[in-house]
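So the sequences go chain by chain: A and B. Numbering of the first sequence is given in my numbering, commencing with residue 1 and proceeding in unit increments. Numbering of the second sequence is given in my numbering, commencing with residue 1 and proceeding in unit increments.
If you are wondering where the hints come from, they were derived from the structure by calculation, not from laboratory data. Mixed in with the good hints there might be a few duds.
As the list claims (entries may be wrong) - Here are the simulated EDC-like pairs of lysine to aspartate or glutamate, each with C-alpha atoms no more than 20 Å apart in a straight line: (1) Lys110(A) with Glu40(A); (2) Lys188(A) with Glu168(A); (3) Lys110(A) with Asp67(A); (4) Lys98(A) with Glu70(A); (5) Lys110(B) with Glu40(B); (6) Lys157(A) with Asp187(A); (7) Lys188(A) with Glu156(A); (8) Lys110(A) with Asp95(B); (9) Lys149(A) with Asp173(B); (10) Lys149(B) with Asp187(A); (11) Lys149(B) with Asp176(A); (12) Lys98(A) with Asp67(A); (13) Lys110(B) with Asp20(B); (14) Lys188(A) with Asp176(A); (15) Lys110(B) with Asp95(A); (16) Lys98(A) with Glu109(B); (17) Lys149(B) with Asp173(A); (18) Lys149(A) with Asp176(B); (19) Lys98(A) with Asp95(B); (20) Lys110(A) with Asp17(A); (21) Lys188(A) with Asp173(A); (22) Lys149(A) with Asp187(B); (23) Lys110(B) with Asp67(B); (24) Lys149(A) with Asp187(A); (25) Lys157(A) with Asp126(A); (26) Lys98(A) with Glu116(B); (27) Lys188(B) with Glu156(A); (28) Lys110(B) with Asp17(B); (29) Lys110(B) with Asp95(B); (30) Lys166(B) with Glu70(A); (31) Lys110(A) with Asp18(A); (32) Lys110(A) with Asp95(A); (33) Lys149(B) with Glu156(A); (34) Lys157(A) with Asp173(A).
If you're wondering where the values come from, they're calculated on a predicted model, not measured in any experiment.
2 protein chains.
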Amino acid sequence: MSTIETAPDFTVLVVDDDHDVLAANARFLRVSGIDTLVAETAESALQRLQQHTVDVVVTDLRMPGCDGLEFARQARLSRPLMPIVFFSGFATVPDVVKAMRLGAVDFLEKPIEPEELLLTLQGIRDRYDGAIAAQRIAFGVSDETASFKTRVLAYEKYIIETSLLKHEGRISDVIDALQINRRTLNDKMLRLGITRFTED
Amino acid sequence: MSTIETAPDFTVLVVDDDHDVLAANARFLRVSGIDTLVAETAESALQRLQQHTVDVVVTDLRMPGCDGLEFARQARLSRPLMPIVFFSGFATVPDVVKAMRLGAVDFLEKPIEPEELLLTLQGIRDRYDGAIAAQRIAFGVSDETASFKTRVLAYEKYIIETSLLKHEGRISDVIDALQINRRTLNDKMLRLGITRFTED
DNA sequence: CGGTTATCGGCAGAAAACTGCCGATAACCG
DNA sequence: CGGTTATCGGCAGTTTTCTGCCGATAACCG
Numbered sequence: 001m002s003t004i005e006t007a008p009d010f011t012v013l014v015v016d017d018d019h020d021v022l023a024a025n026a027r028f029l030r031v032s033g034i035d036t037l038v039a040e041t042a043e044s045a046l047q048r049l050q051q052h053t054v055d056v057v058v059t060d061l062r063m064p065g066c067d068g069l070e071f072a073r074q075a076r077l078s079r080p081l082m083p084i085v086f087f088s089g090f091a092t093v094p095d096v097v098k099a100m101r102l103g104a105v106d107f108l109e110k111p112i113e114p115e116e117l118l119l120t121l122q123g124i125r126d127r128y129d130g131a132i133a134a135q136r137i138a139f140g141v142s143d144e145t146a147s148f149k150t151r152v153l154a155y156e157k158y159i160i161e162t163s164l165l166k167h168e169g170r171i172s173d174v175i176d177a178l179q180i181n182r183r184t185l186n187d188k189m190l191r192l193g194i195t196r197f198t199e200d
Numbered sequence: 001m002s003t004i005e006t007a008p009d010f011t012v013l014v015v016d017d018d019h020d021v022l023a024a025n026a027r028f029l030r031v032s033g034i035d036t037l038v039a040e041t042a043e044s045a046l047q048r049l050q051q052h053t054v055d056v057v058v059t060d061l062r063m064p065g066c067d068g069l070e071f072a073r074q075a076r077l078s079r080p081l082m083p084i085v086f087f088s089g090f091a092t093v094p095d096v097v098k099a100m101r102l103g104a105v106d107f108l109e110k111p112i113e114p115e116e117l118l119l120t121l122q123g124i125r126d127r128y129d130g131a132i133a134a135q136r137i138a139f140g141v142s143d144e145t146a147s148f149k150t151r152v153l154a155y156e157k158y159i160i161e162t163s164l165l166k167h168e169g170r171i172s173d174v175i176d177a178l179q180i181n182r183r184t185l186n187d188k189m190l191r192l193g194i195t196r197f198t199e200d
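Just need the whole structure built from these sequences, with the hints factored in.
In structure tokens:
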């Protein structure tokens with residue numbers, strides 16, 4: 001909870017036991033402007049998570065020793081909402097189900113096209129942007145201290161704010177997207193202290 | 001709470017365009033003590049949902065006309081958090097990902113073993129932890145457009161279920177942690193379809 | 001057996017949220 | 001200038017939710 005701010009960057013942790021593939025993907029991502037951390041084992045990946053602020057994890061499903069699912073479980077303990085992307089070459093339906101149940105946001109198939117990975121990550125950054133913030137609001141703050149009501153209100157605020165951002169401040173679009181009564185939305189914005197013109 | 005004394009009704013809606021398979025599965029489920037409704041098309045399934053209280057929907061992913069995903073989207077409009085189980089014979093990884101993103105709780109492969117289906121449904125009834133599915137709805141990354149209300153409900157469900165997990169099912173601890181009125185918590189659990197599980 | 005603890009649900013009044021109607025305020029466009 | 005569009009807030013009736021009180025049901029322990 002120290003001052004880890006000043007980092008609105010987007011940091012990705014890629015976990016893959018194939019050293020060459022890992023290095024290639026990492027290089028591509030870095031060139032594309034994404035802060036990229038790497039790890040070749042689940043253990044070192046967990047360490048990385050403790051040391052850095054990571055926004056997204058990309059991990060192989062099958063790795064020698066600790067597999068990707070177990071790693072994800074461990075990671076979730078400290079980062080409940082962190083987006084996790086799995087990839088695998090021989091994924092079965094149950095594999096995918098298990099991964100998604102663990103909160104995976106996507107499941108890519110090997111061999112990974114660097115372009116595809118980049119698009120996926122950019123998509124997460126754009127759409128999930130708010131969820132990352134929400135993690136800090138609804139979860140980060142909450143650590144046992146925030147009440148149910150507080151967390152729900154924080155979440156409501158997050159939904160409305162991200163929807164506003166997404167629709168560039170057009171209330172009518174937000175009303176349509178969230179299927180919410182105009183009057184109710186106005187009241188909530190007032191109560192939650194949401195204004196249409198935030199820092200851009 | 002090991003067994004179900006008061007036998008709360010548990011109604012399943014099975015949607016499959018294959019009449020024979022549907023009939024066979026329905027018969028098996030009914031014999032096994034599960035109230036089972038059937039539908040051979042998405043349209044009639046949606047009708048069933050309006051007419052009956054359904055606890056779980058089991059649907060084929062591929063059906064002539066309206067496909068399973070679209071049907072699930074429609075169903076969610078009236079039953080935002082109802083558990084949905086998909087099944088399919090030729091599911092690709094992206095298929096499974098899409099289904100799970102829509103809040104599916106499981107994905108079975110054809111041909112369906114009646115025993116497996118029964119176990120799945122019993123699992124959902126007895127100790128289904130919908131937290132992750134709720135999380136997916138609340139923080140959906142995809143193009144899914146859940147309403148404000150739906151997402152808030154999903155988030156509330158997520159909070160309560162994870163708190164229950166964390167406190168091993170002790171209501172009093174959850175009340176303390178979430179700072180929520182006992183009566184309110186009970187009502188919410190009822191409304192959101194949250195059941196306490198036995199100790200792990 | 002009685003006593004304790006934990007949980008649950010009915011009930012009803014209180015509190016809060018929702019929502020339709022109304023008018024007001026801007027900004028923009030001929 | 002008048003007309004259109006988008007937004008906002010007051011108000012009030014309706015609906016929903018919250019919450020305290022009460023009793024019921026189990027499980028458990030002497």
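The hints, checked one at a time:
For the proposed pair Lys110(A) and Glu40(A), the alpha carbon gap of about 17 Å is at most 20 Å, so the pair holds. Our distance criterion of 20 Å between C-alpha atoms is met by Lys188(A) and Glu168(A), whose separation comes to about 18 Å. A hinted pair counts as satisfied when its Cα atoms are at most 20 Å apart, and Lys110(A) with Asp67(A) qualifies at roughly 16 Å. As the CA atoms of Lys98(A) and Glu70(A) are separated by approximately 11 Å, the hinted pair is consistent with the 20 Å bound.
For the suggested pair Lys110(B) and Glu40(B), the alpha carbons sit about 16 Å apart, so the restraint of at most 20 Å is met. A C-alpha spacing of about 12 Å is found between Lys157(A) and Asp187(A), which places the hinted pair at or below 20 Å, so the restraint holds. For the given pair, Lys188(A) sits about 8 Å from Glu156(A) by alpha-carbon distance, which is consistent with the 20 Å threshold. Between Lys110(A) and Asp95(B) the CA atoms are separated by roughly 16 Å; this keeps the pair inside 20 Å, and the hint holds.
Between Lys149(A) and Asp173(B) the CA atoms are separated by roughly 16 Å; this keeps the pair inside 20 Å, and the hint holds. Proximity of Lys149(B) to Asp187(A) is assessed by CA-CA distance (about 15 Å); at most 20 Å being required, the pair is judged to hold. Of the supplied pair hints, the one linking Lys149(B) and Asp176(A) holds, its CA atoms being roughly 13 Å apart against a limit of 20 Å. Straight-line distance between C-alpha atoms of Lys98(A) and Asp67(A) comes to about 12 Å, which keeps the hinted pair within the 20 Å bound.
Distance hint between Lys110(B) and Asp20(B) is fulfilled; the C-alpha atoms sit about 14 Å from each other, no more than 20 Å. With a CA separation close to 16 Å, the supplied pair Lys188(A) and Asp176(A) stays within the 20 Å bound. In summary, the hint linking Lys110(B) to Asp95(A) is supported, as the alpha carbons are separated by about 16 Å, within the 20 Å threshold. With a C-alpha separation of about 14 Å, the suggested pair Lys98(A) and Glu109(B) falls inside the 20 Å cut-off, and the hint holds.
Of the supplied pair hints, the one linking Lys149(B) and Asp173(A) holds, its CA atoms being roughly 16 Å apart against a limit of 20 Å. With a CA separation close to 13 Å, the supplied pair Lys149(A) and Asp176(B) stays within the 20 Å bound. This hinted pair checks out: Lys98(A) and Asp95(B) have alpha carbons roughly 14 Å apart, not beyond 20 Å. In summary, the hint linking Lys110(A) to Asp17(A) is supported, as the alpha carbons are separated by about 13 Å, within the 20 Å threshold.
Taking the CA atoms of Lys188(A) and Asp173(A), the gap is near 16 Å; set against the 20 Å cutoff, the hint holds. Annotation: proposed proximity of Lys149(A) to Asp187(B) holds, straight-line Cα distance about 15 Å (limit 20 Å). At most 20 Å may separate the alpha-carbon atoms for a hinted pair to count; Lys110(B) and Asp67(B) meet this at roughly 16 Å. For the hint pairing Lys149(A) with Asp187(A), the CA-to-CA distance comes to about 17 Å; that is within 20 Å, so the pair holds.
Of the supplied pair hints, the one linking Lys157(A) and Asp126(A) holds, its CA atoms being roughly 18 Å apart against a limit of 20 Å. Using a Cα cut-off of 20 Å, the hinted pair Lys98(A) and Glu116(B) holds, with the two alpha carbons roughly 16 Å apart. The hinted pair formed by Lys188(B) and Glu156(A) meets the criterion: a straight-line CA distance of about 17 Å does not exceed 20 Å. Restraint check for Lys110(B) and Asp17(B): the C-alpha separation of about 13 Å stays at or below 20 Å, so the hint holds.
The suggested pairing of Lys110(B) with Asp95(B) holds, with an alpha-carbon distance near 14 Å, which does not exceed 20 Å. Restraint check: the Cα-Cα separation between Lys166(B) and Glu70(A) comes to about 18 Å, which is no more than 20 Å; the hinted pair holds. Among the hinted pairs, Lys110(A) with Asp18(A) is consistent with the structure: their alpha-carbon atoms are about 12 Å apart, no more than 20 Å. The hinted pair formed by Lys110(A) and Asp95(A) meets the criterion: a straight-line CA distance of about 14 Å does not exceed 20 Å.
About 9 Å separates the Cα atoms of Lys149(B) and Glu156(A), which keeps this hinted pair within 20 Å; it holds. Straight-line distance between C-alpha atoms of Lys157(A) and Asp173(A) comes to about 17 Å, which keeps the hinted pair within the 20 Å bound.
Comparing the model with each numbered hint stated earlier shows that all of them hold.
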